[in-house]
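Q: With the hints as your guide, set chain B onto chain A.
There are 2 protein chains.
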Amino acid sequence: MEINKRLLKLRILMENHGIDIYYVPSSDYHQSEYMCDYFKTRRFISGFGGSAGTVVVTKDKAGLWVDGRYFIQAARDIAGTGIELYKMGESKVPTTTEFIVSEIKENGTLAFDGKVASIDTIKEIENMLNGKKINIIAKYDLIGEIWKNRPEIKFTEAFILDEKYTGESFKDKIKRIKEEMLKKKANYHVVTSLDDIAWIFNLRGHDIKNSPVNLAYALISMNRTVLYIDETKLNDKVKDYLMKNNIVIRDYNDIYREAVELQSQNILIDKIKVNYYLYEILKEKNKIIFADNPSVLMKACKNKVEIENTRDAHLKDAVACTKFMYWFKKQVKENKNIEKISELDISDKILEFRKEQKGYIEPSFDTIPAVGANAPMMHYRPTPERHDNLKLGKLLLIDSGAQYDNGTTDVTRTFAIGNIDNKLKEHFTLVLKGMLSLSKVKFLYGITGTNLDVLARAPIWKYGIDYKSGTGHGMGFVLNVHEGPHRIAPTYNSQKLEDGMIVSNEPGIYIEDSHGIRIENILLVQKAENTAFGQFMVFETLTLVPIDLDCMLPDLLDSEEKEFLNKYHKIVYNKVSKYLLEDEREWLKEYTREI
Amino acid sequence: MEINKRLLKLRILMENHGIDIYYVPSSDYHQSEYMCDYFKTRRFISGFGGSAGTVVVTKDKAGLWVDGRYFIQAARDIAGTGIELYKMGESKVPTTTEFIVSEIKENGTLAFDGKVASIDTIKEIENMLNGKKINIIAKYDLIGEIWKNRPEIKFTEAFILDEKYTGESFKDKIKRIKEEMLKKKANYHVVTSLDDIAWIFNLRGHDIKNSPVNLAYALISMNRTVLYIDETKLNDKVKDYLMKNNIVIRDYNDIYREAVELQSQNILIDKIKVNYYLYEILKEKNKIIFADNPSVLMKACKNKVEIENTRDAHLKDAVACTKFMYWFKKQVKENKNIEKISELDISDKILEFRKEQKGYIEPSFDTIPAVGANAPMMHYRPTPERHDNLKLGKLLLIDSGAQYDNGTTDVTRTFAIGNIDNKLKEHFTLVLKGMLSLSKVKFLYGITGTNLDVLARAPIWKYGIDYKSGTGHGMGFVLNVHEGPHRIAPTYNSQKLEDGMIVSNEPGIYIEDSHGIRIENILLVQKAENTAFGQFMVFETLTLVPIDLDCMLPDLLDSEEKEFLNKYHKIVYNKVSKYLLEDEREWLKEYTREI
Chain A
55 MEINKRLLKL RILMENHGID IYYVPSSDYH QSEYMCDYFK TRRFISGFGG SAGTVVVTKD
115 KAGLWVDGRY FIQAARDIAG TGIELYKMGE SKVPTTTEFI VSEIKENGTL AFDGKVASID
175 TIKEIENMLN GKKINIIAKY DLIGEIWKNR PEIKFTEAFI LDEKYTGESF KDKIKRIKEE
235 MLKKKANYHV VTSLDDIAWI FNLRGHDIKN SPVNLAYALI SMNRTVLYID ETKLNDKVKD
295 YLMKNNIVIR DYNDIYREAV ELQSQNILID KIKVNYYLYE ILKEKNKIIF ADNPSVLMKA
355 CKNKVEIENT RDAHLKDAVA CTKFMYWFKK QVKENKNIEK ISELDISDKI LEFRKEQKGY
415 IEPSFDTIPA VGANAPMMHY RPTPERHDNL KLGKLLLIDS GAQYDNGTTD VTRTFAIGNI
475 DNKLKEHFTL VLKGMLSLSK VKFLYGITGT NLDVLARAPI WKYGIDYKSG TGHGMGFVLN
535 VHEGPHRIAP TYNSQKLEDG MIVSNEPGIY IEDSHGIRIE NILLVQKAEN TAFGQFMVFE
595 TLTLVPIDLD CMLPDLLDSE EKEFLNKYHK IVYNKVSKYL LEDEREWLKE YTREI
Chain B
55 MEINKRLLKL RILMENHGID IYYVPSSDYH QSEYMCDYFK TRRFISGFGG SAGTVVVTKD
115 KAGLWVDGRY FIQAARDIAG TGIELYKMGE SKVPTTTEFI VSEIKENGTL AFDGKVASID
175 TIKEIENMLN GKKINIIAKY DLIGEIWKNR PEIKFTEAFI LDEKYTGESF KDKIKRIKEE
235 MLKKKANYHV VTSLDDIAWI FNLRGHDIKN SPVNLAYALI SMNRTVLYID ETKLNDKVKD
295 YLMKNNIVIR DYNDIYREAV ELQSQNILID KIKVNYYLYE ILKEKNKIIF ADNPSVLMKA
355 CKNKVEIENT RDAHLKDAVA CTKFMYWFKK QVKENKNIEK ISELDISDKI LEFRKEQKGY
415 IEPSFDTIPA VGANAPMMHY RPTPERHDNL KLGKLLLIDS GAQYDNGTTD VTRTFAIGNI
475 DNKLKEHFTL VLKGMLSLSK VKFLYGITGT NLDVLARAPI WKYGIDYKSG TGHGMGFVLN
535 VHEGPHRIAP TYNSQKLEDG MIVSNEPGIY IEDSHGIRIE NILLVQKAEN TAFGQFMVFE
595 TLTLVPIDLD CMLPDLLDSE EKEFLNKYHK IVYNKVSKYL LEDEREWLKE YTREI
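For the protein sequence lines, the chains are A and B, in the order given. Under our numbering, the first residue of the first sequence carries the number 55, and numbering increases by one thereafter. Under our numbering, the first residue of the second sequence carries the number 55, and numbering increases by one thereafter.
Next comes chain A alone, as it looks inside the complex (with noise of 0.2 Å):
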């Protein structure tokens, strides 16, 4: 096999080098969630597919970490090569770090491509040893050795995202920025982030499927901003934009080697989001002062012309959903031999709706669409070699989104493909449950994520059933669509929900070969009356698309929950009926009627 081929490989490099260890996590030099493909490194030594997951080579050892979301995916991609599955946040399963501890010898040595490591990840391994000696070397990119016809790194033209769109100008961004610079003592700033640097400087680009964002660096200090990018991608009208910014523009490469000369400088860098290498570099001569990039909050907290953008992108995506689900009724009600529509049918068929839509720029992420037993793997994705086609009596969901010029949207719906049974009624009703009791919660200001997530959870877990993941991630404008500080999980989160905030509500139920269900619509954080107890916080529906009424259960609702519905059905159809055909506005009407 191919795989055992590379691992071969790879285990003659470390013992060429003296590598004990080589550690391979999925990131690009950014630490971008999502990258392109000359960085996927993890997928080419593994084969496991998906976005997130982390390799470990010993000597005679190969371990694989993925999250809840990509257990089964994960056993299927890797059955066969020897790697072992690690689960993460089950009982007794070792982290990576943990393992890496565990596993290195005294005076043995670990090696990664420190442009693709955290420096948080290093410094914990290196909090872990607990006294044991060990070399840690950050300069091998040795996937990158035995990776032949490796993809390259392809560069796109930039372009300028407008003030009518972001409602704030470069200049302010950074006068706020700086304001937090000197807070914290710091009088230079290192920014990798991609989404980070492309909410500072108002650029977008598509360097990156998905994300519209630019490969770059910025360095900030008081008097200069550099911005590190290749300047085959920069127009005249971006170039201009730059100068007349007095931003300096250096080669994308260029910053390891200015790096270098920058000594007794207070850096301001995030060991979330800057790469151990750079780091490594930069903490020679400086003093390096470790926070949170400033832009990360900023950016969580959308402005009034953000947030008014926001509203009119998920309007848009709205029109496009329900041009789908009408579509897609209507052949199972015609059954238009409906079982030879297959995923990837129903995929084009979302994108060909959502590509009528005014500055509609790509998807915000690859569109899940799966069918029954499919689904319970959370983030499958068809391809034309493996995928199903639809079945009457089973459940399409759909997890997609786009992007706009205007604003991101991701949503999932789950279909009753004709005559579904009650059980699967029974799922899906409790997951809306779920998914309403987050929605209609008033809080006061100061809860986190942390607090509000068993709102969610607490009718499945009524019934012996639980998921797998958060409940809810931030989203950015125009940029990630998995966007921090804030989150909405079980597990620790300080981020206090602030107004502006863009988070999503996702609560679901995954069976395990059987079926898979999950609503999600995404929320704003909006404040509410202030009392003499505080502020108040609710959240405003910012998805305006259909709940399919053939899954529920009404019984299983109580009163509130029914009337928050069906207030949320009349709002979709006031909204979205305008834009549609006379059929589709019936047809509109009957699937937003009152329950």
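There may be inaccurate statements among the hints.
[Unchecked claim] The calculated lysine-lysine pairs, modelled on BS3-like cross-linking and capped at a C-alpha distance of 27 Å, are: (1) B:Lys358 x A:Lys516; (2) A:Lys616 x B:Lys516; (3) A:Lys516 x A:Lys496; (4) A:Lys581 x B:Lys477; (5) A:Lys238 x B:Lys186; (6) B:Lys238 x A:Lys146; (7) B:Lys263 x B:Lys94; (8) A:Lys239 x A:Lys225; (9) A:Lys629 x A:Lys384; (10) A:Lys384 x A:Lys494; (11) B:Lys238 x A:Lys186; (12) A:Lys187 x B:Lys337; (13) B:Lys146 x A:Lys229; (14) B:Lys516 x A:Lys624; (15) A:Lys187 x A:Lys115; (16) A:Lys187 x B:Lys341; (17) B:Lys496 x A:Lys522; (18) A:Lys232 x A:Lys218; (19) A:Lys218 x A:Lys113.
Because the hints were derived from the structure by calculation, they are not lab data.
A: For chain B alone, coordinates are given in the frame of chain A:
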């Protein structure tokens, strides 16, 4: 004023000793929550009578820090003293450590009585200094120097808590503790927290009001266990028991002298529990291993024998409380000079019924009976000088509990005094909804109180109201009414809820100058089914006291809540009625009727 004079004397002493800041926490030598009068130095210097609070005095400032429970009471108590109130948890209010660090000058001197300060607090100050050099002196009990007629420490007779109550012998417990010590690579362990000592040795006493503990320290090594305790406390039976268990007895204060002699040992201590003065001695010649006392988690997870006993203690307590409620409702119904009954009479009456119960020892904390506008002062206690009488149309809140020889109880009920208006009923019903919502949740093992808190709070938040306290605290077995390591609160607590843990569930609504409502049941964490998704957990309600139907608006309860309440009242009737007189039983039938 008396307090101003005391502050003046303190500042003179500070001046004489070259002290810039003097720090007065609320604690005894054992970091106990409740303490005997000898240790009430913070009360002496500030006049604030609440059980929790901290005073910091500089040359020209004095501050009192209290949490939300005491905002109202503290403001009253310190009015006119010149002491400033710092409301903990409110925005822009510095913590005591932040205050100390910002006030102290380079080379300034911070002093305190190290025997009443926790290691954790002092380390927090040290960590925040950020290079500023200061002197920390832990040897001055300056309040002791100015406190004339200071009460003495009174030692009481210790007694053995039989294995029929504890369910586990000292020998088995010490074996488990040594196993944990070995895991942490410690060969010595110093235990100073009184409830841990009581639990480990299966000894109880009466040295502290409400907490049946003995003032003592313990030193555990692999081959020797030393108990530092006043010998006059030990009768022959106890001495014999200690001897048979090979426990060495030393005088209470000998720990400090013997600690000096320890060297080259690996000593496990809990930095939240051990005092700073003892730590300074121990760290001199030994390696300190900071970890939670192993007994903390062991003690929190009640064994089967403790659980059976606790259930019985709650039943006895319920009989007393039900008899009280019957008496109270009868007075109101017959209007027997109802407005001449004072809050103090209420305390006496409920005590009277508890005293009739088998194995009753003492209250587990000072009873809080609060009429009308006294109830929002959350830990209000009536005094002969300041109290109110019952008044028709108002609410009576009673928070009380008992120590029995087979368990510890704590229960809050809020009763209507005659007919009350709908606003009060609405608030009562919201609190009830919160209490029921938490009581009936089924949750996945691994969840903490941080995750569950919102269940109790959301129904109250919905009306723009919050309560400024946690929702629930752990509880001891014939021990402290407040016991860690778990709790239910929005702030982060990492302790998973384990099978056998006991926790209170006490949401509330407190409207200043108007009314206060709290409903508190005690819950036992129990395993429910184990499914493909993991181990599920539920709460068993231990408290068996009727919830006043006169206060409810049943229309605000949904069908699940009504069902849960009706089932609860049915259990109350079935278990409690057989211990009541005929009249009482008839009445209970009415007050546990289905709604």
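Q: Could you run down the list of hints and mark each one as holding or not?
A: Evaluation of the provided hints:
Between the alpha carbons of Lys358 of chain B and Lys516 of chain A the distance comes to roughly 26 Å, so the proposed pair stays at or under 27 Å and holds. For the hint pairing Lys616 of chain A with Lys516 of chain B, the CA-to-CA distance comes to about 17 Å; that is within 27 Å, so the pair holds. Of the supplied pair hints, the one linking Lys516 of chain A and Lys496 of chain A holds, its CA atoms being roughly 22 Å apart against a limit of 27 Å. Distance check on the hinted pair: Lys581 of chain A and Lys477 of chain B sit about 26 Å apart at the alpha-carbon level, within 27 Å; holds.
With a C-alpha separation of about 17 Å, the suggested pair Lys238 of chain A and Lys186 of chain B falls inside the 27 Å cut-off, and the hint holds. For the hint linking Lys238 of chain B to Lys146 of chain A, the alpha-carbon distance of about 18 Å falls within 27 Å, and the restraint holds. At roughly 13 Å between alpha-carbon atoms, Lys263 of chain B and Lys94 of chain B fall within 27 Å of each other, so this suggested pair holds. For a cut-off of 27 Å, the pair hint linking Lys239 of chain A to Lys225 of chain A stands: about 21 Å separates their Cα positions.
Annotation: proposed proximity of Lys629 of chain A to Lys384 of chain A holds, straight-line Cα distance about 22 Å (limit 27 Å). The suggested pairing of Lys384 of chain A with Lys494 of chain A is violated, with an alpha-carbon distance near 32 Å, which exceeds 27 Å. Between Lys238 of chain B and Lys186 of chain A the alpha-carbon distance is near 17 Å, which keeps this suggested pair within the 27 Å criterion. Taking the CA atoms of Lys187 of chain A and Lys337 of chain B, the gap is about 26 Å. The hint holds against a cut of 27 Å.
For the hint linking Lys146 of chain B to Lys229 of chain A, the alpha-carbon distance of about 24 Å falls within 27 Å, and the restraint holds. With a C-alpha separation of about 23 Å, the suggested pairing of Lys516 of chain B with Lys624 of chain A holds against the 27 Å cut-off. For the given pair, Lys187 of chain A sits about 21 Å from Lys115 of chain A by alpha-carbon distance, which is consistent with the 27 Å threshold. Only pairs whose Cα atoms come within 27 Å are accepted, and Lys187 of chain A paired with Lys341 of chain B is accepted, the gap being roughly 21 Å.
For the hint pairing Lys496 of chain B with Lys522 of chain A, the CA-to-CA distance comes to about 17 Å; that is within 27 Å, so the pair holds. Taking the CA atoms of Lys232 of chain A and Lys218 of chain A, the gap is near 24 Å; set against the 27 Å cutoff, the hint holds. Between Lys218 of chain A and Lys113 of chain A the alpha-carbon distance is near 56 Å, which puts this suggested pair outside the 27 Å criterion.
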